[in-house]
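Engineer: Listed in order, the protein sequences are those of chains A and Z. 182 is the number that my numbering gives to position 182 of the first sequence; each next residue is one higher, with no gaps. 236 is the number that my numbering gives to position 236 of the second sequence; each next residue is one higher, with no gaps.
Don't take each hint at face value.
What the hints assert, rightly or not - Derived PhoX-like pairs (lysine-lysine); straight-line CA-CA distance at most 20 Å:
1) Z/LYS7 with A/LYS70
2) A/LYS92 with Z/LYS124
3) Z/LYS7 with A/LYS92
4) Z/LYS163 with A/LYS100
5) A/LYS92 with Z/LYS163
6) Z/LYS38 with A/LYS100
7) Z/LYS174 with A/LYS40
8) Z/LYS7 with A/LYS209
9) A/LYS165 with Z/LYS174
10) A/LYS209 with Z/LYS90
11) A/LYS100 with Z/LYS45
Keep in mind the hints are simulated off the structure, nothing from the lab.
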Amino acid sequence: MALLSKKDTGLILDPLADNNPITIQVLGICSALAITAELKASIVMAISVLFVLGLGNVVISLMRNIIPSKIRIIVQLVVVAALVIIVDQVLKAFAYELSKTLSVFVGLIITNCIIMGRFEAFALGNGPWKSFLDGIGNAAGYGLILVIVGFFRELLGSGTLLGFKVLGDPITKTGIYAIGYENNGFMLLSPMALIVVGIIIWVQRSRNKALIEEN
Amino acid sequence: MAINTDKNVYTVAFAAIMVIVVGSVLAFLASALSEKIKQNEKLEKQQNILYAMGINENEDEGSVNFVPTDKVADEFSKYIKQQIVIEGDKITENDEAYLINLKQQETAAKKGNTRKLPLFIGEKDGKKFYIIPMYGKGLWDAIWGFVSLDENLVVQGVYFDHKGETPGLGANIKQRYFMDDFEGESILDGTEYAGIEVAKGNNDPLNNTKDDNEVDALAGATITGNGVSAMIKESVNLYKSYLETIRAKN
């Protein structure tokens, strides 16, 4: 028997494209705007969300039959916040350097609507294994968009990728700066993230017409 | 047996148990790890102070590399010759001055108490460094750091850090390319304690002009940059009377 059934594979792969949390469900936009000015920050955020969403989905799924429906949102919040704080504290004690890098993301993870969205839409109604796959898939789909946006914003805004000067040095005028190219500072500001996400949505929907909603 | 999860009694009981369980897990974790975390924070402060006076493992270009944690305590006692606390006119020596919480001192000062101002005097290759701790506000949360000065109040090095500035924008105040620009700038403008302005569009991105009290700002991080300017100016001004005695001796 294959490790993943066809349906399970769909749980992971669908959110990468036709059911992407950012471009189709339009969740998690706030953090996509906030931290994609650099590719490195995008990658760190993607990995953190992958971890929290995978684990959180399993925890919520295991508790799904005993959570009172009246206070389920509060329970979900408590689970996310507790998970993130536990990880943060353990890192602070045993991997201090790493925790310094991650500390600014903690608040962004707790308030990420993708996490609450998947708890509410999936983990409350499905078993732990499926929920785990759904969490991983959605976090990967979220991360994918983050990395794409981060790539373009860092490349066009600062002329670097992961901190390396791939286009030459803008101050001493080497590389393509020698022929008059300039960095676009506007790319570093949040509105441009929204425009890049918009372009991704446009490209995606013109390739797959089934995604266009009728009005 | 299926439980009726819609009952009010159940809801209240569930909430109560959840709060107790999560609360005690977090409390247990916090107290079990607090010693280790405190120790890490202590070493980090020592690393930061040494970094500001140029004792680090930086290579020519690239990232910030501190003295490794296993060596930092020895290096700290080797290079930091004196730690003093300035309290009004009273100056005392205190080997734990680096642990003074600047935020608490600021609150105390607002209530009318005398502020305790820690200052570290380092010595390397016969040269003296006066290292001032700083504390201020960025866009989202606190920013802090250390600035080391020579007798003429010329900056020898800085270290900045922050609690929650935006990654990729304001968070870049702790990058080498931003911090290195401060070296060689003077705190003084004539005789005035002007500090160092994080300026936009000063037409000097390489920071070749060192006598303008300005460094080049970070794109997209105006408020964090202004916070850094204000923090340097305010923090250094607190030490004005002490720094004047150093200048007079020189």
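Engineer: It remains to establish, for every hint, whether it holds in the given structure.
Structural biologist: Against the structure, the hints come out as follows:
1. Simply put, Z/LYS7 and A/LYS70 have alpha-carbon atoms about 9 Å apart, close enough for the 20 Å limit, and the pair holds.
2. Note on A/LYS92 and Z/LYS124: the hinted pairing is violated, with a Cα-Cα distance of about 32 Å set against a maximum of 20 Å.
3. Of the pairs offered as hints, the one joining Z/LYS7 and A/LYS92 is violated, with about 41 Å between alpha carbons and a cut-off of 20 Å exceeded.
4. A threshold of 20 Å between alpha carbons decides the hint, and for Z/LYS163 with A/LYS100 the separation of about 9 Å falls inside it, so the pair holds.
5. About 14 Å separates the Cα atoms of A/LYS92 and Z/LYS163, which keeps this hinted pair within 20 Å; it holds.
6. Between Z/LYS38 and A/LYS100, the direct Cα distance comes to roughly 14 Å. Compliance with the 20 Å bound is thereby established for this hinted pair.
7. Between Z/LYS174 and A/LYS40, the direct Cα distance comes to roughly 15 Å. Compliance with the 20 Å bound is thereby established for this hinted pair.
8. With a CA separation close to 46 Å, the supplied pair Z/LYS7 and A/LYS209 exceeds the 20 Å bound.
9. This hinted pair checks out: A/LYS165 and Z/LYS174 have alpha carbons roughly 19 Å apart, not beyond 20 Å.
10. The straight-line distance between the Cα atoms of A/LYS209 and Z/LYS90 is roughly 76 Å, outside the 20 Å bound, and the hint therefore fails.
11. A distance of roughly 13 Å separates the Cα atoms of A/LYS100 and Z/LYS45; the hinted pair therefore holds under the 20 Å criterion.
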